[in-house]
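Please put together the full structure from these sequences, using the hints given.
These protein sequences, in sequence, are chains A and B. The opening position of the first sequence corresponds to residue 1 in my numbering, with each subsequent residue numbered one higher. The opening position of the second sequence corresponds to residue 1001 in my numbering, with each subsequent residue numbered one higher.
Bear in mind the hints are in silico, worked out from the structure with no lab data behind them. Hints may be right or wrong, so weigh each one.
To be verified - Facing chain A, a subset of chain B residues (Cβ under 7 Å, in silico):
id: 1; residue: Leu-1033
id: 2; residue: Glu-1041
id: 3; residue: Gly-1042
id: 4; residue: Pro-1043
id: 5; residue: Ala-1048
id: 6; residue: Tyr-1050
id: 7; residue: Gly-1053
id: 8; residue: Thr-1056
id: 9; residue: Ile-1067
id: 10; residue: Gln-1097
It should be emphasised that the depicted structure is a prediction, and the values quoted were computed from it without experimental measurement. Note that beta-carbon positions come from the ideal geometry of N, C-alpha and C, so glycine has one too.
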Amino acid sequence: NAGVTQTPKFQVLKTGQSMTLQCAQDMNHNSMYWYRQDPGMGLRLIYYSASEGTTDKGEVPNGYNVSRLNKREFSLRLESAAPSQTSVYFCASNTIRQEPAFFGQGTRLTVV
Amino acid sequence: GQQLNQSPQSMFIQEGEDVSMNCTSSSIFNTWLWYKQDPGEGPVLLIALYKAGELTSNGRLTAQFGITRKDSFLNISASIPSDVGIYFCAGRPTGNQFYFGTGTSLTVIP
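What follows is the structure in structure tokens.
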């Protein structure tokens, strides 16, 4: 039972570099989410996807793009990384348009 | 975004004691959620609440959806060492977006 799998687990980027964070779930869920978690703050929604082929902005979408490649995969792209994007990124999923119930282990990203 | 105030920020308790924490918002929410997060892991959904006044249990955990719809409460009875972690509340006003509190860090002293 893999659940929600995120890759990579750790990443260091230089300012201006780009990268894609990968997320895949094997539970046949429709809804998928990307959150960021910063010290002293709650999780904040970056983007979500209610179903394959649809994506919507969350609370903090600036500087990010997403792709819902198929039902299993939802990727988050940083086109030009900035130090303010240093954070822990979590992907989550659920069956329908409800609460984010299943989280991955996170990607710890540092932008220097 | 929505502001969720979660209190207390941290708690240090003896094993076997009961724990209470709460979450308040400035606006009405339609759904309240409670999560636990262990170090280096993603949050785990503990309890979901969908109606004002609703009281729901999950083992030794009990959560309530406040009747004003602006608050929620989580109680843990007879704490044990594995209860250690950070507990987050989250709420949804309308639409699909959930807003998270800043967490309550729980330490259980054996």
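Hints and how they fare:
1. Leu-1033: Holds: closest Cβ of chain A sits about 5 Å from B:Leu-1033, inside 7 Å.
2. Glu-1041: OK, holds: B:Glu-1041 within 7 Å of chain A, min 6 Å.
3. Gly-1042: Check passed: Cβ of B:Gly-1042 comes within 3 Å of chain A, closer than 7 Å.
4. Pro-1043: The hint holds - B:Pro-1043 has a Cβ within 7 Å of chain A, the shortest such distance being about 5 Å.
5. Ala-1048: For B:Ala-1048, the interface hint holds, since the closest Cβ of chain A sits about 6 Å away, which is under 7 Å.
6. Tyr-1050: violated (10 Å)
7. Gly-1053: Given a least distance of 19 Å, the restraint on B:Gly-1053 is violated.
8. Thr-1056: B:Thr-1056 check fails; min Cβ-Cβ to chain A is 13 Å, beyond 7 Å.
9. Ile-1067: violated (21 Å)
10. Gln-1097: Since the shortest Cβ distance to chain A is 6 Å, the answer is holds.
Going down the numbered hints, you'll see the structure goes against 6, 7, 8 and 9, while the others check out.
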